[in-house]
Structure formats: structure tokens, C-alpha cells
Amino acid sequence: MEFFSLIFGLNVFDSMLRVSAPLLLACLAGLYSERSGVFDIGLEGKMLAGAFAGASAAYVSGSAWVGLLAAVAASVFLALVHGFASITHRGNQIVSGVAINFIAAGSAVILGQAWFRQGGRTPSLSAEGSRFTAIELPGANTLADVPVIGHIYSGLISGHSVLVYFAFLMVPVTWWVLFRTRFGLRLRAVGENPAAVDTAGISVTWLRYRAVICCGALCGFAGAYLAVAQNAGFVKDMTAGRGFIALAALIFAKWKPVNAMFACLLFGYLDAIAIVLQGKAIPGIGTVPVQVFQALPYVLTVILLAGFIGKAIPPKAGGVPYVKER
Amino acid sequence: MAVPYAKLPAWVDYGLIPLINLVVAFVVAGLVVLLVGESPIRAATLLLQGAFGSGEGIGYTLFYATNFIFTGLAVAVAFHCGLFNIGGEGQAYIAGLGVAVPCLALDGILPWYLTFLLAIAGSAMVGAFWALIPAYLQAKRGSHIVITTIMFNFIAASVMVYLLVGLLKPLGSMAPQTRTFLEGAHLPKLDWLLELFGASIRSTPLNLSFLLALLMAAAVWALIWRTKLGYEIRTMGFSPTAARYAGINEARIIIITMMISGALAGMMALNPIMGDQHRLQLDYVTGAGFVGIAVALMGRSHPAGIIPAAILFGTLYQGGAEIAFEMPNISRDMIVIIQGLVILFAGALEHMFRPAVQAAFATLRPKSAGLEPEKAGG
Numbered sequence: 001m002e003f004f005s006l007i008f009g010l011n012v013f014d015s016m017l018r019v020s021a022p023l024l025l026a027c028l029a030g031l032y033s034e035r036s037g038v039f040d041i042g043l044e045g046k047m048l049a050g051a052f053a054g055a056s057a058a059y060v061s062g063s064a065w066v067g068l069l070a071a072v073a074a075s076v077f078l079a080l081v082h083g084f085a086s087i088t089h090r091g092n093q094i095v096s097g098v099a100i101n102f103i104a105a106g107s108a109v110i111l112g113q114a115w116f117r118q119g120g121r122t123p124s125l126s127a128e129g130s131r132f133t134a135i136e137l138p139g140a141n142t143l144a145d146v147p148v149i150g151h152i153y154s155g156l157i158s159g160h161s162v163l164v165y166f167a168f169l170m171v172p173v174t175w176w177v178l179f180r181t182r183f184g185l186r187l188r189a190v191g192e193n194p195a196a197v198d199t200a201g202i203s204v205t206w207l208r209y210r211a212v213i214c215c216g217a218l219c220g221f222a223g224a225y226l227a228v229a230q231n232a233g234f235v236k237d238m239t240a241g242r243g244f245i246a247l248a249a250l251i252f253a254k255w256k257p258v259n260a261m262f263a264c265l266l267f268g269y270l271d272a273i274a275i276v277l278q279g280k281a282i283p284g285i286g287t288v289p290v291q292v293f294q295a296l297p298y299v300l301t302v303i304l305l306a307g308f309i310g311k312a313i314p315p316k317a318g319g320v321p322y323v324k325e326r
Numbered sequence: 001m002a003v004p005y006a007k008l009p010a011w012v013d014y015g016l017i018p019l020i021n022l023v024v025a026f027v028v029a030g031l032v033v034l035l036v037g038e039s040p041i042r043a044a045t046l047l048l049q050g051a052f053g054s055g056e057g058i059g060y061t062l063f064y065a066t067n068f069i070f071t072g073l074a075v076a077v078a079f080h081c082g083l084f085n086i087g088g089e090g091q092a093y094i095a096g097l098g099v100a101v102p103c104l105a106l107d108g109i110l111p112w113y114l115t116f117l118l119a120i121a122g123s124a125m126v127g128a129f130w131a132l133i134p135a136y137l138q139a140k141r142g143s144h145i146v147i148t149t150i151m152f153n154f155i156a157a158s159v160m161v162y163l164l165v166g167l168l169k170p171l172g173s174m175a176p177q178t179r180t181f182l183e184g185a186h187l188p189k190l191d192w193l194l195e196l197f198g199a200s201i202r203s204t205p206l207n208l209s210f211l212l213a214l215l216m217a218a219a220v221w222a223l224i225w226r227t228k229l230g231y232e233i234r235t236m237g238f239s240p241t242a243a244r245y246a247g248i249n250e251a252r253i254i255i256i257t258m259m260i261s262g263a264l265a266g267m268m269a270l271n272p273i274m275g276d277q278h279r280l281q282l283d284y285v286t287g288a289g290f291v292g293i294a295v296a297l298m299g300r301s302h303p304a305g306i307i308p309a310a311i312l313f314g315t316l317y318q319g320g321a322e323i324a325f326e327m328p329n330i331s332r333d334m335i336v337i338i339q340g341l342v343i344l345f346a347g348a349l350e351h352m353f354r355p356a357v358q359a360a361f362a363t364l365r366p367k368s369a370g371l372e373p374e375k376a377g378g
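Chains as they are written, first to last, in the working numbering: chain W, 1 to 326; chain R, 1 to 378.
Derived by calculation from the structure, the hints in this document are not laboratory data. Keep in mind that the hints are not guaranteed to be accurate.
Which chain R residues face chain W? A few, computed with CB under 8 Å, are given here [claimed, not checked]: (1) 34; (2) 36; (3) 302; (4) 340.
Even for Gly, the Cβ is constructed at its ideal location relative to N, Cα and C.
Build out the structure end to end from the sequences listed, making use of the hints.
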């Protein structure tokens, strides 16, 4: 029973939300891009560039919102580089994504060292308003004593930064954009059969560019969350593979927005229980090394990809540059 | 934009265009150096001095290059089959087990050359095994090899951390590494090779695995261009449909190619573990698996291109360390940027300058571009 309350405690779910938010933002970012037929393994790099630009701008300006803007701008710039290589010049999308990851990782440290001289990190964001802090939702304090609902409302739902709410709000928004608007229909079509979209007189290039811009913007939000909300500044390699976990979650979710949320929550939950279970024994199993939880998202994704849990079918034209002339 | 890819002379395709791409990558890197307030020309001078200015520098340069030859060949073999093995990092990391286990078990009994043979076999087998699972899933279950190999990089990292902080660590030791190997698992250094060229040196980590890497480069050349299997691999890479039509067993070729690729990546572990550190420790791959991608792209997947490309990156690694002493604004992370730029310009944007080069050729020498003189304008 003690074990039960340990892994299903309110604090575990609370940290699950915190951990899942950046994953979810990056995952939805990848969703826009990949649904339009542009594979993107550069989510990690765009997030990292966003985190660095966000932390730098927030420190210099003293405003978290300026930081967010800078994060989105940096990330969209890299997204456009990816678009330039893979849409305009029909380059290999995987190769371009790999390149962006390296360029972002190297530039963040070099520029950080040149500007702030703290070994590649940005100065700590201590000034008032230079970070997104926790928001107390209305009535959270008064409802705190109400059993169940009040506990959940004040302990779990209230008290996160504005970017966490934004991340979860983006789930229905993305669903609506993709499945209820003309832009979304065309975006999905261009990922399945670009020739048909082209025949209908719609520019494949411009449509895919808009998709990668959406992707860049959301990665910027994810990066800003890491450096300006969850932490107080940028440190080297702070994304620590989250971009790839987001990619795994995207596949796990079979390229659907609501599934993406559940996949990110699952991976976030694994991360959260790995921390509380460290050094503790699970009844009937014994102590599970923390590395098992760290590897589990990747293992689950491989199992899913192997077709053992349903089948993950990527967008049909994904990864294939569109050539107009025959 | 609708310029068809006309035929250009081979020296343009394999020489001029890759060179233009490379120069552009380095010019952009130079701009970054300028941006952080240092002189790119001085940085380049320091880089070359650090890498080639002393016998020691050359030793280190070739030591790093050894890693990149292995991983570059690994990526290249997969490229020939139309596969993108992004998992060289994980394959090389986990293959450390294939090196360390025979070394730990037999370093007191066998002479180094026997341990070396066992370690070669061990690293190749473990590396091949780590590539086998993604290959099987690609061939039989249709899952995308890029994604599975990325996932396997992370799984390898977790496995290695688990083993090194637990099982493989000697009792009573705090550092997550194995015990230091005895003499029976130390590879001979190649200092004498450098001394042949008149360089006087104290000590460098350059060791026998450099020669093994060169041997493997020759073996890969023979495999790809001189055997039936190599022909089948290249056919698969050019056109899977044609390969299927010709009766080539697709699944078999994918699995064999990936296992060769994984084995080559795995052998990279010999160089730092048996050649230099003499123990297995955390994160000894330090991105060499990913540098392999840049090396293979730059070298156009041909061993004759991969070796110079690997030496270029070895130069950047060794020279970059020297620059960091002189220029506080430039750390080794500069190499990561250069690596990214090379991958971008030599890989993803490889055709960017082709239309321009083509147009230049069409005007200068209409016949060389396959155009009749009077049609040259159109």
C-alpha cells in the first residue's frame, strides 16, 4: 500500500505534468512537420537553440516574454534552414536534421561562452519577471481542503507556469487545425500525396514551408519552457535527448495529436516514477535500476515500430522530396 | 528551378562540387569565429599548427582519425545499400563490451596479439549484433531504420551506464570504469612509424588500430566494388525495385549490410579502449559515431575519400584543442558547429550549387554539358 501511494502520489503526477510539457510541445511540433511529409529529427537541436536564445534574451531584457520571442525566432530560423535544404533543394531530410542538431549544440556553447563567459551557460535568471513562474489558478487556495477534487485542483492542476497550460491547450488546437480547417486538410494531404495537392493548384512548397514554421515555433516554446520556466537559465546540452523522446512519442502516438498527449504523459510518468523509485524495492520484483526507466520509452517505441502493439504507419510521402516534373 | 540534372564531367561531380560545398561550410564556420570576435585566419593557423606542427600533434590527429575511419566506413557501407545507419554511436559504445570482456578475462594469460584478435572479433560481433536488431526490424517488420537506430543509441547508453556503475566496476572503486588492463591487452604504439618520418615525440596515443582501420578501408573497397555481395548491396541502394526484380533477397542484403556496418562501427572501440585508456569507461565514443556521418558524406562513401575526410576531422579535433588554449572564446564545441555545417552543405545541400556549376559549364563548354552549341542558352 505504501508502494501504491508512492507511485500514484499527487507529487508524482505533478512532476509528470512538468516533465511532459516540453515533450508535448516538441512532439506536436514534429506532428506538423511530419504530417506534411517533412521528417524532422532536428527537434532536439531546435529546442536547444530555443532554450539558449530564450535564456540569453530573457537575461539581457529582464523579460520572460522577450525570451520566449527570441526562442521562437531562433527555432524558426533553424526550421527554415531545414526547409531550405529539404524542400527547396530536395536534400535528404534526415541528413539535414542531423546537421541542425550539431549546429545548434555547438553554436549555443560557443556563443554563450563569447557573450557571457560562464563556460557556455547563461547567467542565472534571478531578476523579477525574467522567468515564467508558477501561476496560482483562481480559487486554488480556498478549494485546497475539499477532498479529491480540491486536492487535485490545487495540488496538480494549479501551480504550473503558463507554458505548461499552453502546451496542453495546443493539443485541442492542433487537433482542430489539422482535422477541421482547410489548411489542416491540405497539410495532411501533402504528406500523403503531394502530387494530388499540386494538381489541385496548391503550392506544395509553400504548404510544407508553413508546416516547418509551425514546427519551429512550437520547438521554440519547448526550449523556452526548459530554460526560462523549468530552470533559471541555459546549461550545455540541457535538452538531454528530449527531442528524440518527443520523436519517439510522436511515433508512439501514430502521428495523432490526442495520442501524442497520452504518449508524452506516459513518458513523463516513467521519468517521474524513476525519481521516486530510486533505491526503493518494487514488491515482487525488487529494486529496478534507474536506467531501466530511462531506456523504457525507447524500448517501447522500438516494440511499437516492430508492429507488436498495433502498427505505426507514417505519412506516406514522409521523407520524400517532391519533384514537380516527371 | 526546373533545371534537369545534366551530366557533368566526373571530376566536377566528384571533385569540384564537393570541394565547393566544403569551402562554403568552412567559410560559414569562419563567420562564426568572426562573430565571437576572433580572427578566422589566426584560428586556422593555430589549428594547423596544433594538428601538424609537432610529431605529438600528428600522433593525436591520426589517433582521432582512426576512430573516424571506422565510423565513416560504417556509415558508408550502409549508404551504399540506401540505408542510413545513424546508430554508429551506440554500436561503437556497446562494442566496448566485446573489447573489454576478452581483455579483462585474458590479459594476464595471453600475449597482446592474441588478445587483440579476440577483441577484434568481440567488438565486431557485439557491434554487428546491435545493428542486427534494427536491421531485422527494417527488413521483416518495416520499421524505419533511422528511428530504430536512434532509439538503440539511447538504449546502449543506458545499458552501459548500468553495467559500468554495477557489474564491471571493481569492488571498492568509486569511478564508473573497469580495472586497468594488464600488459597482455595493451596495443603497441606506432611512435616508430612517426619517427620514420623524422618526427621526434614523447608519446602519443596512436596505436596499431590505425593500421587496422586502413586495412578495413581496403577491405570495404574490395567488398563494395569487387565482390558479388557488394554488387548486390549497390544494386539495392540504386533501386530496390530493380534488385527485387533481379532476384536479390532484399531482407538478406539489408541484414548483412547492417551487420557489416555495425561491425565496423564496433571496431572503433578498440582504438580508445585497447590502444589508449586500457580500460572501459563511460562515454568514450564522444560523438565519433556521429562524426562518421559527416566523414562518409564528405568522402562520398568511398574509402579513398573517407580516409582524408577522417584525417580532416582528426585535425579539427586535435587542432581545436590547441585553439582553446590560445583563444578563450573558441572551445572544442567549434568542431561540433563545423561538423554540422559539413553535414549540411556536403550532405543535405549537396545539389545547391549544381545548377550554377551546370550553367557555367553549359556556357563555357557546351559539349561537356551534353548540349549542342546552339541550344546552350536554353
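Hint by hint, here is what the structure shows:
1. Restraint check, residue 34(R) versus chain W: the minimum CB separation of about 11 Å is more than 8 Å; hint violated.
2. Proximity of residue 36(R) to chain W holds as hinted, the smallest CB-CB distance being about 4 Å (cut-off 8 Å).
3. Taking 8 Å as the C-beta cut-off, the interface hint given for residue 302(R) is violated, the closest approach to chain W being about 17 Å.
4. Taking 8 Å as the C-beta contact cut-off toward chain W, the hint placing residue 340(R) at the interface holds, the least distance being around 3 Å.
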